[in-house]
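Enquirer: Those protein sequences? They're chains A and B, same order as listed. Count along the first sequence from 1, add 5, and you get the number used in my numbering. Mapping of the second sequence onto my numbering: position 538 corresponds to residue 534, and the numbering continues sequentially without gaps.
None of these hints come from the bench; they were simulated from the model. Incorrect hints may appear among the rest.
[As the list claims (entries may be wrong)] Taking beta-carbon pairs under 8 Å as the criterion, some of the chain A residues facing chain B (in silico):
id, residue
1, P16
2, V22
3, G60
4, I117
5, R119
6, P145
7, H204
8, L209
[Unchecked claim] Label pairs and their computed distance ranges (CB to CB):
id, chain 1, residue 1, chain 2, residue 2, range
9, A, D192, B, P758, 40 to 46 Å
10, A, A191, B, A649, 54 to 60 Å
11, A, E141, B, G733, 25 to 31 Å
[As the list claims (entries may be wrong)] From the derived model, a few chain B residues whose C-beta atoms are all more than 12 Å from chain A:
id, residue
12, R37
13, P345
14, T415
15, L625
16, A715
Virtual Cβ for every residue (Gly too), placed ideally from N, Cα, C.
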Amino acid sequence: MSARVGVITFPGTLDDVDAARAVRYAGGEAVSLWHRDTDLQGVDAVVVPGGFSYGDYLRAGAIAARSPVMGPVVEAADRGLPVLGICNGFQILCEAGLLPGALVRNSGLRFICREIRLRVENAGTAWTADFTDGAEITVPLKSGEGRFVADDEALARLEGEGQVVFRYAEPAPNGALHDIAGVSSADGRVVGLMPHPEHAIDALTGPSTDGLGLFSSVLARLTAAA
Amino acid sequence: MTAQAAPTSAEPADTVETAAATPGREQPYAALGLRDEEYARIREILGRRPTDAELAMYSVMWSEHCSYKSSKVHLRRFGETTTDEMRRHLLAGIGENAGVVDVGDGWAVTFKIESHNHPSYVEPHQGAATGVGGIVRDIMAMGARPVAVMDGLRVGPLDAPDTARVLPGVVSGVGFYGNCLGLPNLGGEVVFDPTYAGNPLVNALCVGVLRSEDLHLAFASGVGNKIVLFGARTGLDGIGGVSVLASETFTGSAGGGGHKKLPSVQVGDPFAEKVLIECCLELYRAGLVVGIQDLGGAGLSCATSELASAGDGGMAIDLDAVPLRAKDMTPAEILSSESQERMCAVVTPENVDAFMAVCERWDVTATVIGEVTDGEHLRITAGGETVVDVPPRTVAHDGPVYHRPLARPESQDALQADTTAGLARPATPAELAETVARLAASPQLASREWVTDQYDRYVRGNTTAATPTDAGVLRLDDAADRGIALSVDCNARFCLLDPREGARLALAEAVRNVAATGARPVAVSDCLNFGSPEDPGVMWQFAEAVEGLAQGCAELGVPVTGGNVSFYNQTGTTAILPTPVVGVLGLVEDVRRAVPSGFGPDGDAVWLLGETRDELDGSAWAGVVHDHLGGRPPACDLAAEARLVEVMARGAAAGLLSGAHDVSDGGLAQALVEAAVVSGRGATVTPPPGGLDAAAALFSESAGRMLVSVPAVAEADLARLCVELGQPAARLGRVGGDVLAIEGVDPLDVAELGTLSRATLPAVLDA
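Between the sequences and the hints, there should be enough to build the whole structure, so can you do that?
Expert: In structure tokens form, the structure reads like this:
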């Protein structure tokens, strides 16, 4: 039986179809979760996709982080459930306290959509195990509030503990501190990144198929464990 | 501070009863844009004076924007030239919210292009954003899921001071709304010209996909069926001219009625629209909708009168039920409000509960505001009194029709006589190279990345090609490889020189761009942007352009399925260039076999399909190098364009083509530059023979041409195909290296050309 990966839809979520497709391409079963759900239907992992949940009103990700479905997600993550937040999903996981740091407006103040190269800085997380440290991948970046920030102490800790998972392989176009594109929780089970691996799963529609690696990483180990 | 009477609704609304009793009351119809004879006609239809609310409805529905009163007599040409054969694949055509084309396998595609020009000048960001929002709702109203947007933008010169306000605002508005809706932007056009400085054009296109059986049309039928208003609340935004009525009704001057003076450009909320899209699609899937109409220009006035007149009866509406977001709105204001993100559905009584449950799931406000009645009356009440009682057809369809005078401008002969013949042409290898580079870096031809990098083109995962490709290509569904190709085009400089030929050239270019992917064109949507229809010269341009487009579509056998007209695009007495923007929808049998944009791999041959003539009048070269616009546009041979479509479609299906790029603005030279830059590869080529001087060979904008790359093993097959179809073709050279080496021209470094081209817009807009 293939592993079941929940894909959450909030009002305003946009990339849920893409995330579900990526799960399927990687051999998993995508399970739709609704923002009002209070039960995760026993899924083996969760993807919080991109978009503009609740219109990004108040602050990107702030309202979604407090929606009903996030209660059980936070609880399950504390017990080690693999969770991936992409773009707005990354913002939501930061707002929910599952990931350190915050995402603020791009330094150029404009929305940026383009292909970008990322370096995998830690291939030891639940979502990067199929990569090797230092591998470079090409995926789209598309966000207006993608500049990762944290205070000096937090940055030092993230760097020291291997929690910087992805780094822009060129100067961060959004002004992210330390060129950080993605980070993980201390246990490496929860990962968030601004660029979009789910848009890089088929050469027909994306810049590469590099993004599949995140989904195959988690699925391989879920299947192995089952 | 003086105490001032707060505006209240204590003032009784102007009812039908009052109107009948006070025939002599003066009404501000002129300030609402109605002429004496139009007002008289309304009184004749009603047999009394209209109420304030009725006057508001007629004035907005009989406006140029809603009634097409100046263009109607000309637009008929599209219907007259469309044959049954052309209609064969149409599930809905002109007159619906958008045309719908059957594309086979049970799939249908609907698309439309619409202008939002004037609001985008007043407030570029919101004006452009709500332009996208409006066209998306038109597509939703057909029962389709909107799947992509494109936009044609026209602004003043890049270095004009106001361009730095207008262009970034428009781009951020298009991006903000489309990105938040999760609709990939496939590209479009950005054109700079002094005539657009006080009149930018924002033409937004949306395409939607549906299963043929899900087609929904806007009509209210079935007596007793409920009218449900859902989506955003109705407020005072976008009321525009109707505030004239408000200032009459409310005491006090600027201060007293201050709360009414909201900007007449609406404010968009894409989040509300995204939720509305998903809500509508769920309603369609559940079969809960009889008829549906979006609320755009003219708000409820338009939706109720159009639904009722397209249905089989009358309609009763209670304005007290309309959820409002402002206090003390008069009936006229509620009916005229252009608050965004609203839809109006006709629902059978037994389905109302289920309808409401779906809306509740999406947190969408929905309210029954009335029902379908028998008889020919649209009756609207407020506070228990009847404020509107009109035959709906007279509002929606029986507006005035004008035969505006038209006359070919006297200056046209002089304009056409002022050709490029006397202009100095570059001749030496150094001069030619300098000209190629200068054109590539000119605002007119430089990279649009600064714009398109602000648009999401990946969302939903079905985009297989987007700007800077010739056409956007979209897979219909990830379970199938069927797809569509879209392009929007217009060279308005050609249209000024000859509006009829210019419109045909716009059609030809859009068709060619779609053909560059291997797609076959199946439908056209047009957005006709012109100056004042009261100027006979402008009216002549308009009539000529419509005739050219209508005849052109008939020649190609591709129907016009809808579009819109935008008049009064002028500053003082100076009109914009006549700008009939043409959107073409093409069908791609297999997106995996679509021809990539640019050059193919190193070693592949470079061919030029089509003939090059000495046609430099109106060209980018004449504009950029000599600031010249005069003469005659290139000849447009639509039979040749159709042949080119056939060569491309068959060539793509047979796998003979490894790359393609349309030859248009800037001629062969610019096509080579763009192909090289987009592919990151050089080429060694010799311009086609034909007795032309080097400048004509490189910069002429002869129509009907395509630059293609051909794998060595396929050259013989392509040659045979060209012979079979009678397609002129010439082999120019080979792809390869880092340099664009054109015989007779100093070599140009591809990376440098790319840097040069990408630097132009940021240099000004990021300064």
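Enquirer: Next, verify each hint and record whether it holds.
Expert: Going through the hints against the structure:
1. P16: Nearest chain B Cβ about 5 Å off; hint holds.
2. V22: 6 Å, holds
3. G60: 3 Å, holds
4. I117: Cβ of I117(A) sits 6 Å from chain B, so the hint holds.
5. R119: With Cβ-Cβ at 5 Å, under 8 Å, it holds.
6. P145: Hint on P145(A): holds, closest Cβ of chain B at ~5 Å, below 8 Å.
7. H204: Holds, about 4 Å.
8. L209: Status holds, d = 5 Å.
9. D192(A) x P758(B): 40 to 46 Å: Between D192(A) and P758(B), where Cβ atoms are some 43 Å apart, the hint holds.
10. A191(A) x A649(B): 54 to 60 Å: With Cβ atoms ~55 Å apart, the hint holds.
11. E141(A) x G733(B): 25 to 31 Å: Since E141(A) and G733(B) have Cβ atoms about 26 Å apart, the given range 25 to 31 Å holds.
12. R37: At roughly 45 Å from the nearest Cβ of chain A, R37(B) sits farther out than 12 Å, so the non-interface label holds.
13. P345: With a cut-off of 12 Å, P345(B) remains clear of chain A, as the shortest Cβ separation is near 28 Å.
14. T415: 43 Å, holds
15. L625: Non-interface label on L625(B) holds, nearest chain A Cβ at 33 Å vs cutoff 12 Å.
16. A715: Given a closest Cβ separation of 30 Å, the condition holds.
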